[in-house]
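**Q** These protein sequence lines map, in sequence, to chains A and B.
If you read the first sequence in this note's numbering, its first letter stands for residue 8, the second for the next number, and so on.
If you read the second sequence in this note's numbering, its first letter stands for residue 2, the second for the next number, and so on.
Incorrect hints may have been included.
[To be verified] Which chain B residues face chain A? A few, computed with CB under 7 angstroms, are given here: (1) Tyr190; (2) Ile196; (3) Lys198.
Note that these hints are calculated values from the structure, not bench results.
Cβ coordinates follow ideal geometry from the N, Cα and C atoms, glycine included.
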Amino acid sequence: MRAYDRDDLMFQLWEVAELASLIEDSDLDRAAVMGILDTADQIAGDHFLPLGRLLDEEEPRFENGRAIIPEPAVAAIRAHAAAGFIASGFEPAHGGMGLPEIVHQAAAYVFSASNISLAGYGLLTVGAGRLIQSFGTEAQKRRYLEPMAEGRFFGTMCLSEPQAGSSLSDITTRAEPVGDGTYRITGRKMWISGGEQEVTDNIVHMVLAKIPGGPPGVKGISLFIVPKRRADGAPNDVTLAGLNHKMGYRGTTNCALNFGEAGTCIGELLGEPHKGLSYMFQMMNEARIGVGMGATALGQAGYQASLAYARERPQGRAVGAKDPTTPQVPIIAHSDVRRLLLAQKAAVEPALALSLYCARLVDLHARGDAGAGQLLDMLTPIAKSWPSEFCLEANKHAIQVLGGAGYTRDYPVERYYRDNRLNHIHEGTHGIQGMDLLGRKVMIDGGAGFRALMAVIRADIAAAQGSDLAARLAAALDRVEAVTAQLAAGVMRDPDRGLANATLYLDAMGHVVMGWMWLRLTRAATRVAARDGDSAFLRGKHQAARYFVAREVSRVDGWCDVLAANDQSAFDMETEWF
Amino acid sequence: MKVLVPVKRVIDYNVKVRVKADGSGVDLANVKMSMNPFDEIAIEEAIRLKEAGKAEEVIAVSIGVKQAQETLRTALAMGADRAILVVASDDVHQDIEPLAVAKILAAVVKEEQPGLVLCGKQAIDNDMNATGQMLSALLGWSQATFASEVGVEGDHAVVTREVDGGLQTIKVKMPTIISVDLRLNEPRYASLPNIMKAKKKPLDEKTAADYGVDVTPRLSVVKTTEPAARAAGIKVGSVDELVSKLKEAGLV
Ligand SMILES: Cc1cc2nc3c(=O)[nH]c(=O)nc-3n(C[C@H](O)[C@H](O)[C@H](O)COP(=O)(O)OP(=O)(O)OC[C@H]3O[C@@H](n4cnc5c(N)ncnc54)[C@H](O)[C@@H]3O)c2cc1C
Ligand SMILES: Cc1cc2nc3c(=O)[nH]c(=O)nc-3n(C[C@H](O)[C@H](O)[C@H](O)COP(=O)(O)OP(=O)(O)OC[C@H]3O[C@@H](n4cnc5c(N)ncnc54)[C@H](O)[C@@H]3O)c2cc1C
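Generate coordinates for the entire structure from the input sequences, incorporating the hints supplied.
**A** Rendered as structure tokens:
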């Protein structure tokens with residue numbers, strides 16, 4: 008069994024995201040994309056999926072400053088890298104493959120659904136390597152990118168510190184010029200995923216630090232390449248202080264790292280001094296879409312597991328069945344169980360659609376389409392947060408479908424829930440995303456990005472020619488648009504008060520965007536039915552869309568009521584009143 | 002030496018097969034298709050022979066519908082050098098029978114002059130287990146079936162075969178036809194760079210008519226049915242209970 012729905016992924020790639028048009032004049036063709044996803048499917052099935060429970064039960068161990076992970080994980084991580092799934096995230100110049108982001112992300116989805124914590128190592132390496140790819144010198148690219156693409160070095164992102172998580176302006180890690188162009192790094196980093204492991208020869212830490220004498224706050228933060236080992240193989244004074252014991256994602260080591268305990272940790276500046284955070288932010292869209300994709304994959308994995316269970320588990324009889332001697336029916340025969348399944352389907356499928364839509368925007372933006380970049384900026388907080396919130400909710404439903412069994416570790420659904428709970432927290436917490444959406448993205452350029460998004464959605468609504476789904480989505484869109492204008496004025500007047508309900512706004516906007524994704528999914532389903540004939544698969548799309556509009560888009564109105572009434576109950580709650 | 006490897010596009014082994022409502026066969030519409038797993042093993046073995054310097058060229062051949070070119074692309078991505086597609090049907094539901102396949106292969110062999118044909122022992126869709134043997138008869142070549150170990154040494158091959166009683170090792174004269182079994186090797190994953198390269202490798206397209214072979218079916222399928230559903234199981238409390246239940250059922 009797979010942890011994801013391959014038919015849905017194919018439908019979404021070829022029919023909804025229209026991948027064929029994107030790869031038209033590239034080295035790729037349909038067979039190559041299928042081949043890539045087949046290899047992903049095989050490695051994920053052979054090496055990733057079987058390790059889910061093992062890696063959850065056998066957390067990485069901290070021994071004499073080393074992080075030990077179970078042996079089968081090492082083989083899995085190597086098979087993934089050896090096949091080229093890290094290289095797939097890089098440009099060809101330094102060992103990469105120059106694949107479109109949408110194909111890279113589709114493969115990441117397959118791996119994440121199959122084992123999110125193993126997938127983490129590759130995703131982090133791509134994230135770190137892309138910083139070097141975008142801002143590094145030729146020498147830095149030569150030194151680090153090729154080994155990263157080949158999976159000989161892995162990468163990490165070292166932003167957070169014990170006292171500075173959401174507020175990066177408060178980091179205290181220092182970088183002092185040595186005089187030869189390099190910097191001496193001292194400081195403590197916290198929560199570093201993949202911060203230590205012994206799978207690869209080296210680890211390339213991308214470290215945020217302050218150069219003494221620089222401007223205060225975020226404008227004084229620089230970015231450094233700090234390898235675990237120097238070019239000659241000698242240790243670079245990066246010490247593992249300890250491992251964090253997490254709720255989920257246990258296969259990925261999570262580390263407290265000390266840089267320069269002995270004063271001999273050397274880093275190379277990436278790009279210019281004091282631009283570190285802005286570099287990070289330029290890579291943020293991809294990273295955040297990646298988080299949304301991971302949350303979606305976990306939602307999908309729970310959906311698949313609970314669907315399979317519901318078809319097999321006999322329990323109870325139809326409400327109207329009076330004869331207790333008849334056999335019990337599988338629980339999928341109960342309407343409430345179908346609701347639980349449909350709720351999951353209705354959340355995970357548009358979440359995938361949005362992740363792929365955004366990945367496609369990354370590709371279009373890279374080809375110089377400025378409009379795609381603007382839309383991407385606008386959608387990123389939603390692409391990160393909505394799956395983190397509502398695919399987690401889907402995982403809750405998956406547990407419910409399994410009843411008592413769902414609450415045990417004999418089945419994977421409770422693990423998916425624990426894994427997914429992280430996505431709310433890292434890469435900017437849910438609260439931070441709400442403020443990013445309402446406080447920045449909606450306000451930038453006098454609301455130009457917001458208007459562009461509205462226009463794109465309206466164009467799709469118009470193309471749907473008055474379907475019920477389109478009509479109800481149009482009404483919700485009008486409502487959100489009106490509320491946005493009101494909130495934006497509030498933010499201008501008083502940012503603190505104005506942003507107090509930013510997360511609720513994030514949910515409302517997210518629901519409208521997902522309604523839009525359902526519009527796109529059903530439009531594709533209708534087109535395919537006309538071309539190839541109708542099928543159960545295609546009918547399921549329409550039914551899930553119907554569910555989403557009836558039960559979810561309908562909630563937007565209530566949320567907008569709260570936003571429009573400018574409810575300030577949380578803001579006005581004084582600290583002492585708790 | 003050239004090695005020729007026939008590969009068949011079959012329903013993926015992961016797919017839950019459904020019988021068509023009219024019982025005429027299984028439903029293949031919109032179903033994931035893959036290379037027959039035994040053929041993957043044959044391709045892998047051929048590539049290993051090449052890597053060991055015992056073969057110069059690996060040619061993959063597929064006979065079937067046009068979409069089989071995807072299967073050939075997989076073979077090329079694994080490491081085959083070139084491919085030949087023989088389009089013999091435009092209906093995904095039409096199975097080309099072993100004799101027709103063997104005749105086409107025999108014609109391809111005459112053209113390509115390989116020193117070895119490595120094929121899967123059977124295709125997982127119809128489980129015929131016949132093509133390799135028929136090809137041997139048509140060509141008058143030696144054959145070694147169900148191989149779990151293959152060694153090519155000059156003008157002969159030493160092949161370990163999986164037979165009912167265990168293993169049997171035979172020596173056959175080259176050129177020969179070897180049909181491979183499950184335990185021969187573990188096929189490699191097609192890596193991303195090789196998948197990209199595969200697009201540029203030659204893939205010739207032919208038709209059954211090019212070889213003068215009539216692929217009209219000689220067999221007719223009377224009926225296709227689902228296997229009987231498995232009866233519900235029970236949980237036993239102890240080994241003793243298990244043994245007594247097995248005795249009751251007359252199984253021990
Ligand atoms: C498993 C895991 C893996 C991680 N991996 C990495 C990694 O690889 N590299 C890395 O650098 N970091 C990593 N992190 C750190 C992660 O990015 C931080 O946990 C996150 O940024 C939140 O910071 P914090 O934990 O210090 O929480 P805090 O910043 O203390 O936040 C606590 C709460 O306060 C809220 N809050 C904080 N400030 C504000 C504000 N201004 N307005 C409104 N609400 C606010 C937050 O939303 C949150 O709900 C990881 C964390 C975890 C748990
Ligand atoms: C930690 C834990 C402690 C427990 N402690 C006890 C205990 O001390 N004593 C005890 O006796 N039991 C105990 N239980 C069992 C618990 O009461 C059952 O798990 C619960 O009744 C659900 O039954 P089930 O697990 O068999 O799930 P199922 O009955 O198989 O239900 C699976 C899913 O199908 C749905 N479903 C089933 N039938 C219908 C129907 N007719 N219509 C609509 N939906 C339906 C359910 O709502 C659920 O979503 C415990 C369970 C757990 C997990």
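**Q** If a hint holds in the structure, say so; if it does not, say that too.
**A** Consistency of the hints with the structure:
| no. | hint | verdict |
| --- | --- | --- |
| 1 | Tyr190 | 5 angstroms, holds |
| 2 | Ile196 | 4 angstroms, holds |
| 3 | Lys198 | 10 angstroms, violated |
The structure fails to meet hint 3 from the earlier list, while all remaining hints are met.
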